[in-house]
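Colleague: Just so you know, the sequences run in chain order A and B.
Going letter by letter, the first sequence gives residues 1 to 161 in UniProt numbering.
Going letter by letter, the second sequence gives residues 1 to 161 in UniProt numbering.
Hints are computed from structural coordinates only; laboratory data are not their basis.
Do not rely on the hints blindly, as some may be mistaken.
Cβ-Cβ distance ranges computed for the label pairs, FRET-style [as the list claims (entries may be wrong)]: (1) A:SER141 x B:GLY105: 25 to 33 Å; (2) A:ILE23 x B:GLN58: 30 to 38 Å; (3) B:GLY119 x A:VAL12: 47 to 55 Å.
Pairs of lysine to aspartate or glutamate residues, derived as EDC-like cross-links and limited to a Cα-Cα distance of at most 16 Å, are as follows [said to hold, decoys possible]: (4) A:LYS153 x A:ASP27; (5) B:LYS110 x A:ASP104; (6) A:LYS110 x A:GLU91; (7) A:LYS32 x A:ASP104; (8) A:LYS110 x B:ASP155; (9) B:LYS153 x B:GLU41.
Backbone N, C-alpha and C define an ideal beta-carbon position, used for all residues, glycine too.
There are 2 protein chains.
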Amino acid sequence: MTSTTKHETQIVSDPDVPIVRIIREFDAPPAKVYRAHTDPELVAQWMGPDSTQTRIDQWDCRTGGSWRYTAIHEGQEYGFYGSFHELRPDELIVQTFTFEGMPDGVALEKLVLEDIGGGRTRLTATSLVDSFEGRDGFVASGMDVGVNEGYAKLDELLARG
Amino acid sequence: MTSTTKHETQIVSDPDVPIVRIIREFDAPPAKVYRAHTDPELVAQWMGPDSTQTRIDQWDCRTGGSWRYTAIHEGQEYGFYGSFHELRPDELIVQTFTFEGMPDGVALEKLVLEDIGGGRTRLTATSLVDSFEGRDGFVASGMDVGVNEGYAKLDELLARG
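In isolation and in its complexed conformation, chain A is listed as follows (with noise of 0.2 Å):
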């Protein structure tokens, strides 16, 4: 059993524009990180919370290509999928993002990598939707706990391999 160091997540609404702002740190390089997001295999091993299983649906990881997955809870199944806009291997991932439940709600979301020096990583993700409300909605939703119980499943894989 490997220990890891515990990470705080920063979990930040915008005040000026309708986007919420991720922030964490990672014990591992940008290389590393960029590869859990991208790896379908591994994606599925961390993502979401830890009530939930992931299934990668479709998953072509390149810019112009698109993607889908369910998550599973406690037998129900909710789908997921958008279009990656562009990947910049190690540095930067743009997609979309809609909950097929609510079909017409789609998110913008920019992930961007940073090497803090001494093997670490910072990981800034941002979703922005079109409206305060949709955005407030969606962080009042719970998903702290997904954002949370998922980059500590990404830690210990991190520190695996």
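Could you slot chain B onto chain A? The hints should help.
Modeller: Below, chain B without anything else, positioned relative to chain A:
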């Protein structure tokens, strides 16, 4: 030469969120306006200002597909690219949009077509970006010329067939 009704184009900067909204009516039903936005041979005929030619470089117009075109103005080439997040025939196109000259800028664009009766359509196109500065710079860039001249060409194209 077919005569077409002159329609006003409204270009509105949202006061609350970094969105610009374009509203325009067309003398054609939604299915025809939709086809003029999704068939690459038609898109190339009307999009952009009169002084610019459009070359479609790649056009995979389906949910999860992507696109790329080049605008040619006085011998200079300007590249644009993005993903098709969702297509709902005759109703909705959601896509991302980047100008290669500003590779970190990404807009999330939503085109909504409404049947307003009498064989006419109301088009509402919204473009969402991550800052008011970016939105206001886009609006001040002269984009209204391209929008107005493009839609005048689209009026003519719709009247022809």
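Colleague: Which of the numbered hints above does this structure break?
Modeller: 7 and 8
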